[in-house]
Amino acid sequence: MTESATDLVDAALFDRDRLDPESPYQRSGPAWGAIISISFGTFGLVTAEFLPASVLTPLAHDLRITTGTAGQALTATAIVAAISAPIIAIVTKRLDRRVVIWAMTLLLILSNVLAEVAGSLPVLLAARVVLGISLGGFWSISAALAMRLVPSHLMPRAMSIILTGVSVASVCAAPIGAYVGDIWGWRASFKVAAIVSAVALLVQLVTIPPLPPIEVRRFRSPLDVAKNPAMKVAVLVVLLVASGHFASFAYIRAFLESVPALEKKSIPLVFLAFGTAGVFGNLAGAFLTKHSLKAVAALPPLLIAVAAVSLLTMG
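Just so you know, numbering that gives the first Met the number 0 puts 25 at position 26 of the sequence shown, and the rest follows in order with no gaps.
Each statement offered as a hint is correct.
Cut-off 25 angstroms, straight-line C-alpha distance, at most; resulting in silico cross-link-like pairs (PhoX-like, lysine-lysine): (1) Lys231 / Lys293; (2) Lys226 / Lys92; (3) Lys264 / Lys190; (4) Lys293 / Lys226; (5) Lys263 / Lys190.
Derived by calculation from the structure, the hints in this document are not laboratory data.
The task is simple: from the sequences and hints, build the whole structure.
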């Protein structure tokens with residue numbers, strides 16, 4: 000989903016010659032160090048994105064707000080990311096790509112630090128707004144950036160490395176966040192995330208080469224892109240499925256503590272099972288794509304609905 004979102008913003012808005020083997024912007028050799036550093040960045044982004052769900056109840060208790068209100072930290076990030084992605088792609092089109100990546104990673108660090116020291120809901124939401132800007136900006140240029148760092152025939156491998164950061168964070172972020180939060184407090188989880196993001200920035204500073212902007216042949220506004228009927232359907236489907244998924248995931252800790260009344264030490268294991276299942280789901284999706292695109296499109300929302308109904312019936 001992240002790769003398709005990137006294509007929507009960067010590839011759909013700008014017509015460029017970045018994949019032309021004769022293009023002066025096409026590299027003759029891969030910059031694997033830079034690709035790995037971007038993967039570190041995606042790991043940090045997804046980790047920060049998932050953290051509130053894993054520490055939701057202690058966070059809400061400490062800030063003296065309800066879990067429902069605390070869950071809006073995830074909502075704020077998602078809304079800002081959706082709005083900022085096309086804006087950042089347009090505003091930064093004349094900047095060196097590595098400067099943009101550095102700036103987005105710096106915002107990621109700032110968001111984690113703000114969340115760690117937050118003493119009230121407004122400060123927490125401000126931290127999540129900063130994360131949303133970082134998230135939208137990072138994903139709006141990541142695929143195009145990879146195209147500049149490796150020859151075109153190595154692009155699939157480069158994107159798989161970048162998205163490995165997403166897979167690893169999906170498995171590790173929530174359980175580790177819950178575990179660290181239960182031992183040292185929820186603020187420690189954001190401190191760890193800030194340290195991880197700082198390491199990612201240091202690696203990016205060392206490995207990403209100068210990437211001057213590519214001349215834009217033709218600009219199309221997001222409204223022009225949205226006129227495509229297939230694009231309208233795709234965006235609507237992604238919006239509904241993602242909303243259903245994250246609406247339930249955001250409050251899963253509060254549910255686990257109240258309905259099945261799990262012990263705190265068991266909750267990280269549930270998050271670990273969730274992340275591991277997600278990895279197998281990605282593998283299954285890759286397999287099914289070769290046989291039936293309709294099945295790939297229909298099964299995830301169906302499984303989410305079944306899981307949500309099952310949780311409701313447990314209450």
